[in-house]
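Asks: Sequence:
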Amino acid sequence: MASGNAVVVFSVSGCCMCHVVKRLLLGLGVGPTVYELDQELGGREIQAVLAQLLSAPSSSSPSPSTTTTSAAAQMNAAVPAVFVGGKLLGGVEKVMSCHINGSLVPLLKQAGALWL
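Here this note's numbering = 1-based position in the sequence shown + 10.
Once the Cα atoms are required to be at most 25 Å apart in a straight line, the calculated SDA-like pairs of lysine to any residue come out as: (1) K32 <-> H109; (2) K32 <-> L124; (3) K97 <-> V44; (4) K32 <-> A16.
The hints are simulated quantities; they were obtained by calculation from the structure and are not laboratory data.
Start from the sequences and build out the full structure, keeping to the hints where you can.
Replies: Here you go:
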């Protein structure tokens with residue numbers, strides 16, 4: 011699903027952070043492919059996999075706040091998940107960080123999502 015298009019956003023309808031990422035990309039002139047996981051068959055399973063992917067770079071020992079976090083909160087942390095050029099870019103923090111430091115537009119150009 012993520013490699014079929016230049017930019018793919020896994021989202022949940024009604025999620026404000028998902029809305030922010032989608033609006034940012036649209037504002038830059040990118041038309042991302044959006045999968046609303048609460049409306050997709052197997053969306054909960056996809057969301058669980060995304061939660062694992064997005065948490066992979068963190069340390070192997072869980073923090074106290076992680077161990078007490080509910081399963082629903084962990085699932086919501088999995089969105090938005092943004093893939094650029096078939097590779098996981100990250101969630102809202104990573105997308106915004108790349109936008110602020112100026113690296114997002116070159117990534118989008120390299121993936122073929124922007125031509126100018």
